[in-house]
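Asks: Sequence:
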Amino acid sequence: MPEFQTSPGMRDILPPDSARWRHFVSVFAEVVEASGYGQIIPPLLEDIGVFARIGDATDVVSKEMYDFVDKGDRHVALRPEQTASVCRAFVQHRPTVPWKTWYAGPNFRYERPQRGRYRQFDQVGIEVLGVDDPHLDAEVIALGSEFFDRLGLRQVSLVLNSLGEPDDRSRYVDALRAHFEADLDALSDASRETLTRNPLRVLDSKRPQDAPLIEAAPRIAEYYSDEAAAHFDTVQRDLRAIGVPFVLDPMLVRGLDYYRRTTFEFQAGTLESAQNAVGGGGRYDGLVEDLGGPPTPGIGFALGVDRTLLACDDEGVFAAPAANVDVFVVDTTGGAAALAVTTEMRRAGLAADRAFENRSMKSQMKAADRSGAAFAVIIGSTELDASTAVIRPLRSDIEQTTVDRADLVATIQKVLS
RNA sequence: GUGGGCGUAGCUCAGCCAGGUUAGAGCGCCAGGUUGUGGCCCUGGAGGCCGGGGGUUCAAGUCCCCUCGCUCACCCCA
Numbered sequence: 444m445p446e447f448q449t450s451p452g453m454r455d456i457l458p459p460d461s462a463r464w465r466h467f468v469s470v471f472a473e474v475v476e477a478s479g480y481g482q483i484i485p486p487l488l489e490d491i492g493v494f495a496r497i498g499d500a501t502d503v504v505s506k507e508m509y510d511f512v513d514k515g516d517r518h519v520a521l522r523p524e525q526t527a528s529v530c531r532a533f534v535q536h537r538p539t540v541p542w543k544t545w546y547a548g549p550n551f552r553y554e555r556p557q558r559g560r561y562r563q564f565d566q567v568g569i570e571v572l573g574v575d576d577p578h579l580d581a582e583v584i585a586l587g588s589e590f591f592d593r594l595g596l597r598q599v600s601l602v603l604n605s606l607g608e609p610d611d612r613s614r615y616v617d618a619l620r621a622h623f624e625a626d627l628d629a630l631s632d633a634s635r636e637t638l639t640r641n642p643l644r645v646l647d648s649k650r651p652q653d654a655p656l657i658e659a660a661p662r663i664a665e666y667y668s669d670e671a672a673a674h675f676d677t678v679q680r681d682l683r684a685i686g687v688p689f690v691l692d693p694m695l696v697r698g699l700d701y702y703r704r705t706t707f708e709f710q711a712g713t714l715e716s717a718q719n720a721v722g723g724g725g726r727y728d729g730l731v732e733d734l735g736g737p738p739t740p741g742i743g744f745a746l747g748v749d750r751t752l753l754a755c756d757d758e759g760v761f762a763a764p765a766a767n768v769d770v771f772v773v774d775t776t777g778g779a780a781a782l783a784v785t786t787e788m789r790r791a792g793l794a795a796d797r798a799f800e801n802r803s804m805k806s807q808m809k810a811a812d813r814s815g816a817a818f819a820v821i822i823g824s825t826e827l828d829a830s831t832a833v834i835r836p837l838r839s840d841i842e843q844t845t846v847d848r849a850d851l852v853a854t855i856q857k858v859l860s
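Residue numbers for the first sequence follow this note's numbering, so the first one is 444 and each next one is one higher.
No lab work stands behind these hints, which were simulated from the structure alone. Careful: at least some of the hints might be erroneous.
To be verified - Here are the computed lysine-lysine pairs in the DSS-like style, where the Cα-Cα straight-line distance is at most 30 Å:
no. : residue 1 : residue 2
1   : Lys506    : Lys649
2   : Lys857    : Lys809
3   : Lys805    : Lys857
Build the full structure now, drawing on both the sequences and the hints.
Replies: Following this line, the structure appears as structure tokens:
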């Protein structure tokens, strides 16, 4: 074992995996920028107070924060998510609304790593601030669906719920607590523990023991105000109108305290139970105010890059990695000719690679094969003396040809097209 | 934070239960067979303090304890 390895829950993304990582982000950027969203790049580090507003009842804040005191005695934390940062930025810069933003980048949570869960994990997402309109909820949700579609992932389902207005939500939480406390013995130990911190999350328990009591629990819909009910109705009608399939789940309660009204989650059908959520979001109308700004409605979602890529693997979305280069230059005369030829090709816009250390032709040809290049250009002493080069197709049975060095780049460009 | 499984070559793993001379395989890598040509085949080579520490023993990759790491699950979340 080497002396140094990646810290727990951190990992290197190596080629060729890094290529699909970049592809993922660029597809996302295409989808949301075509809908008027602009990229925001918040810092990785914020005053810990920014994230504390996510909610004391959440593990994300209470146990999983990567926080420390810096040399200036500031208590800071690596961001566990980006929504709070976006809201902080809104309060700080006061852009005109609607403020439609997207982001991509790593977040940090100090948890035990497992499949699809890392301490440093990447998310892409969008946030819209300053608009209280159910049609926006529908747009945001639809963009998430559109992205998975564009990525090529098929088995993703959209789960939808509404937590009601804050008042509705708190009346419901009270009712839930009363319901569970009336029959505390029937609840699992873990859920009893959850109940004291956040009664809503008991609904999320997957323990069979809890199923009957959860089934018998009051439903959030019974506590909606007229406004909340109307808002949610419109969102559902919108989604049907534009052909975005979804399933309602009154038990969908998202983990972060700031959610209210519309909440949703994207679940991958190929991933097993607990880690099947590849993305989630909802309204967080009070968050900007909590951070010291004016009352401002907000909605957004975040998608987990790692988990979505796991789902992509299961569906074989990224089949064969593409070749890195068009041409591989084999030079058995010392290597200077390969330098000249690859440089000329690169300046002409071709992707070209070569071997070093003056290896044998056999060795260089093997490297050419491995590179995935469509053609090898071979320069030996004969070609060097005659100012020519051999063009050898590597992916077909076509005969190799010899061309003048002066015509080499033009010829390659022609055969590649 | 809790529990299970696993740490042996660059990678995937065998060997451990029933300790015994020099620790293996496949793939990958390098070289040669092929004095100018990749893939297929053949031959050879490099590459291991068997995760680390302690213990038992004449003897430990193998048994025991501790520790670190990875992994899966719980919890929580993306």
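Asks: Each hint should be assessed against the structure and marked as holding or not.
Replies: Hint check:
About 22 Å separates the Cα atoms of Lys506 and Lys649, which keeps this hinted pair within 30 Å; it holds. Distance restraint check for Lys857 and Lys809: the Cα-Cα separation of roughly 25 Å lies within the 30 Å cut-off, and the hinted pair is therefore satisfied. A hinted pair counts as satisfied when its Cα atoms are at most 30 Å apart, and Lys805 with Lys857 qualifies at roughly 27 Å.
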